[in-house]
Structures are given as C-alpha cells and as structure tokens.
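Undergrad: These are the residues of each chain, in order.
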Amino acid sequence: MNPAIARLVGWTLVWLPVCFAVWYFSAPMLAAVMGGVLGWLVSATFPMPVTMTRTGALIDLLLQVPAAMVNGGGQGHMAATISLDTLIYSCGIPLFLALMLALPEVGRRWREIGGGLLVLFGYELVALYVSACYNTVEMLHMIGADTRWLFGLPWNPHLNLLAQTAFALVLPSALAVFLWASFNLAVLTEAMPSARRRFIPDE
Amino acid sequence: MRGDVAGGITAASPCFFHWVTLMLRYAVTYLICLVGLFALETSPWAQSFTVGTWTQFLADMSGGLLQSFDDRVVVQGSSIVNGRTGYAVAIQAGCNGVEAALILAAAILAYPASWSHKLLGMLIGVVAIQLLNVIRIISLYYLGEWSERILTIAHLYVWPGLIIFDALIIFLVWTHWQGVPKHEARLS
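Protein chains in written order, with our numbering: chain G, 209 to 411; chain U, 2 to 189.
What the hints contain is simulated information worked out from the structure, not anything from laboratory work.
There's no promise every hint is true.
Claimed, not checked - Derived SDA-like pairs (lysine to any residue); straight-line CA-CA distance at most 25 Å: (1) U/Lys119 to G/Ala394; (2) U/Lys119 to G/Leu393; (3) U/Lys119 to U/Tyr27; (4) U/Lys119 to U/His19; (5) U/Lys119 to U/Leu23; (6) U/Lys119 to G/Val273; (7) U/Lys119 to G/Val378; (8) U/Lys119 to G/Ala389; (9) U/Lys119 to U/Asp61; (10) U/Lys119 to G/Val217; (11) U/Lys119 to G/Ser291; (12) U/Lys119 to U/Leu41; (13) U/Lys119 to U/Trp178.
What the hints assert, rightly or not - Reference excerpt, derived from the structure (chain U facing chain G, CB under 10 Å, subset only): (14) Met24; (15) Val29; (16) Ile33; (17) Gln48; (18) Ala89; (19) Leu157; (20) Tyr158; (21) Ile164; (22) Phe166; (23) Leu169; (24) Ile170.
Backbone N, C-alpha and C fix where the C-beta goes; we use that ideal spot for every residue, glycine too.
One chain only, chain G, in its complex shape (with noise of 0.2 Å):
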C-alpha cells in the first residue's frame, strides 16, 4: 500500500474512536438546537398541527391529522407519531473529523474543519425535514390519506424509497467523505500518481 495511503489510514482509525466519543455524547445538544430549528420548519410547512417533542437525540413529532382527509373520515382529528433519530444524520460527522485531523498540518485547517461541520449540520437539518415529510406522506398514505396534496408530490413508492436510501442511508456517511476529498484535492492529487497524471496537465 502507498505509504501516504497508509498513514491515512492508521491515523484515521486512531482518530475515530475518539471524533464518535465526542459527536455521541455531545448529540444531545446538537439534537436541542436542531430540533429547535426543525419543529419551527415543521410548523411553518406542515398542512397540520404539529407537536414536537425530544429524549436525547431522538425527536418525535406529534402530528394532528384532520379526519376529514382519510377516506370515510369526519370530525376531529387522529394523531400519529414520526420518530426521527438525529444521529443517523449526523453519524458523518466523527468520519470527518478523524479523517480531516489525520492529515499532516491540522493545525492550519481549522478553517475548513469548522466550514465542513457548518456543512455537515446544514445536512443534517435538511435530512431530518426531508425524512419529517416522507415519513409523513407514508404515514398518510398508509392511513387512506389523499396524499397529493402534502408538499406537491405524490406518493410514490419509488420516490420514497429513493429518498430514504439517500437521506438515510448514503448521504449521512458519504458526504463526510465528500467533503474530505474536496478540502483535499491537493492532498490526494499529490498521493496518486495516475491523479498527477490525469488531472495535472503539464505532467
């Protein structure tokens, strides 16, 4: 293995250990103020009352569906509950950190440290609203709700899925790594000599 392949890997996995330790334990408080954010978003947008409450990084959010919209519905209304684990969102943020501290010179890169976490937080708000109204719609399509009208997409199986595969399970992981190839084109292209080749002119 190319030594600066290696090295990255060694210095990774010492780092990660200890990035998860920090991102579990301090997930409750990240979990606070993304919930503040999301329970606004959440009223703001959702057709419904909704109430929001929190344990730790778990959010639930008590939605208040109009009986009126279920097929064969009337008065009042019927409450269901989306549960949503913050940390399956953020869970890129300790690989970012590890990868991102086990290069040469971190004590110049704070900068992009501290830009890539405005980033992976940004992510992380956008995937628990995005999983908010999928979970919704599946919800209510479930229920017999006419679900065309929430958020101006149709339920669709294939889109549904495609959003929980993305959102879910690829994006949390996959963007650190993301970023990390981004923050460090010059890095890589240095350690790679089919990159120097390809992707550096004159050479």
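Since the structure of chain G is already known, use the hints to place chain U on it.
TA: For chain U alone, coordinates are given in the frame of chain G:
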C-alpha cells in the same frame, strides 16, 4: 506549498483552468453515475434482487460462517437465529452493502481510466466491501446478543461510517495501483 491546489498548480498558473475543468468533469460524471446507479437500485426489479436474492445470499453466507464455529446458529429466511435462546438478527434492505458498493462503483466509473482497470476495480471493490459487510453482520449478531444498546450504536452509527471508509480506501488504493506503470507494479 500553501496556496497550491494540486501538484504545484496555483490559481495563477496557466493550467489552472484546465485542472479545474478536469476536476469539475470528474465531479459531474461522478454525480451522474451515482444518481443513475441509485435510481436503478431503487427500481422494483432491482429491489427484488438486492432485497430478495442478494440479502438471502448474504444471510446464508454469514450464517454458514457462524455455524462453522458456533453450533447454536440457525439461518431462517434472511434472519440469523440463536437456536437455543431464539435471539435473531434480520438482514434487511440497507444492510446488504449494496449502497456502499454503488458509491465506490460510481467513483471508479467516473474516473479517467481504461475499462479493464475500471471493471477489475469494481469487481475487487465490491468483493472487499461485501467481505467487510459479512464481518459487520457477524459482529452485529454477537453484539446484539450482548447488549441491544450496543447493537443500535454499532449498527446505525459506527458501521455505516466504517463501510464508507472502506470504500474510500479501496478507491485510493485502486487509483494508486492503476496509475503505476506495469513494470513497477510487477517489481513491487
């Protein structure tokens, strides 16, 4: 040197825009490949393969490996069950390593290399990711028997990062390997 974007190129270098164009082309091609592969993977017929056939194969393989040193293990459908206590882990969509394999495949597909190198990289990469995924499934089975809380932490927060990190390492090793001239590769 500080201020370099890559290999001595700075924003003032004559070839800077060429470098930016190449990088942007790679990023755009990568995104197109990624979105295309995921749209394909979430289509109903691909789901019936990845969720059905592939997940079943993974359960059989992981269960078979576990049975070689633990006679309590039984495979029931896509679940690995402790025959004595009834404790079970079910392998579901999203647990089969397909997503990480697609992220790696898109990165290799978009990279400017020969098709034979790309195919070899994807083949070895997918096998390596799936091998780590089998280790992941086995570790989750035992962690879950020990503590449900630890299982949740490992399953939802630790392993996704490790699998993506594995894909990154494979990509870096592949880009390094496929750029080394053949006589050097043979010597090393």
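Undergrad: Output the numbers, in ascending order, of every earlier hint that fails for this structure.
TA: 6, 9, 11, 15, 16, 18
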